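Same order as they appear, the protein sequences are chains A and B.
Counting from 23, one number per residue, gives the positions in the first sequence under this note's numbering.
Counting from 2, one number per residue, gives the positions in the second sequence under this note's numbering.
It should be emphasised that the hints constitute simulated quantities derived from the structure, not laboratory data.
Any given hint could turn out to be false.
[To be verified] As a list, the in silico DSSO-like pairs of lysine-lysine whose alpha-carbon atoms are at most 27 Å apart:
| # | chain 1 | residue 1 | chain 2 | residue 2 |
| --- | --- | --- | --- | --- |
| 1 | A | K68 | A | K141 |
| 2 | A | K235 | A | K141 |
| 3 | B | K52 | A | K233 |
| 4 | B | K131 | B | K52 |
| 5 | B | K131 | A | K235 |
| 6 | B | K131 | A | K233 |
If you're wondering where the values come from, they're calculated on a predicted model, not measured in any experiment.
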Amino acid sequence: MDFSVINDNIEFLMLGLMRSFQLAIFTIVLSLTIACFIAIGRVSSKRSIRYPSAIFVNLLRSNPLILIVFWFFFLVPLITGKTLPEFHTVLIAFVVFFAAYFAEIVRSGIQSVGSSQVKAALSTGLTYSQSMRLIVLPQALRNMLPALVTECVIVFQGTTIAYVIGMREFLHSTSLVAERTVRPVELYLFAALVYLVICFTGTRLALFLEKNKELAR
Amino acid sequence: MNYEFDWSLLLEEPNWSWVIEGIANTIQLSLVAWGCALVLGVLIGAIRMSKSRTLRFIGTTYVEIFRNIPLLVQLFLWFFVFPLLLPDDLMRAWNRLDGVPFLTALIGLSLFTAARIAEQIRSGISSIPKGQFLAAYSTGLTEVQTFRHVIIPYAFRVMIPAIASEFLTIFKNSALTLTIGVAEVTGAAKTIEAYTFRGIEAYSAASLTYMLTTASVVIFMGWLEHALRIPGLIGKR
């Protein structure tokens, strides 16, 4: 084994890693925002809101991410009539897919707050949206923080799927260098190590937050 | 958007046999991998609860490694790297095997999911109140007997939802094996789309497979959970 091949290509590989991070961060921010609305829809008392949100969540959660990515790669050019850059198309697919997963986390966070909080908030004269925004969501956020961090790690792991449609994220960059230099052993082991270090840090953070949940109160 | 639907295309050859082969492969792969992962996962879960520090360390290391490397990277490691690390004659034997992609996918999926199941087993067992252990010991049962007769039957029922959802996870994760050349259902849909440019029809067939399986597993597990529930524990229904 000769690991100097990694040193020689480090710039190219790091560019790919940056792209992975970019995709993960954009996905997390956008899908979490959408997820808050869907989660509120999931606990709504109106059926006309509750059912569509439930269908959205269950539809996406029962399909693999890779298939959702294929769907969007077919549908986006068909609907918009032009081909978007692949980063945008992947991002749309990821945001829609992970919004469903984040929505479930936010929903269980909201449900962990307890209905007496909502009743108390409403009785002080706050409107429903005010009590959601000012009373329920901040508490829910604290309760669901460990699960959110875990899901962020899953999003980061999920960015590898962009490889399949040829977006130049970290795994794709690795495979390109592996093919060109014919050093697959060194390169894939390196990639595995990089993912391991990043995701291990994330899961440890989630564990730490879980253990310190009580302290935060 | 103008798109003319042509659903009959799925029934034409070779599309029909691709879809059927894909569904068969997906189901076969996920069932076998789930079985292997369950056995291995229980084993690792047990190791992580043991009194020996070394064993516990091995179990934890396994879980952390396999949980924190993305599945796609693990599949590539098994597919591209693992055969190269074998001794020469073994490598030749491995390459001569039939269905190397399927075998690789099976190894990758099982080992990945085993780590997740081990985690579920551990949290299932630690959710059991300490009094159960103490009561079992005080009746004179040994540690092994306590686990066999009291804790496992109890924990197993608590863990049914988690184990079922692991099956659904492995079922969806098996789609990733198309990257190493397993002809599973998502790969079949992609192939049909590539040949006919009929993406909506092709992907609908794949999505329908996943959704129907998910729905039936959820319904079956709901029934099973109800049938096996521990009286007085979960007041559902």
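Verification of the supplied hints:
no. : hint            : result
1   : A:K68 x A:K141  : 17 Å, holds
2   : A:K235 x A:K141 : 24 Å, holds
3   : B:K52 x A:K233  : 23 Å, holds
4   : B:K131 x B:K52  : 16 Å, holds
5   : B:K131 x A:K235 : 22 Å, holds
6   : B:K131 x A:K233 : 20 Å, holds
Violation of the numbered hints given earlier is absent; every hint is satisfied by the structure.
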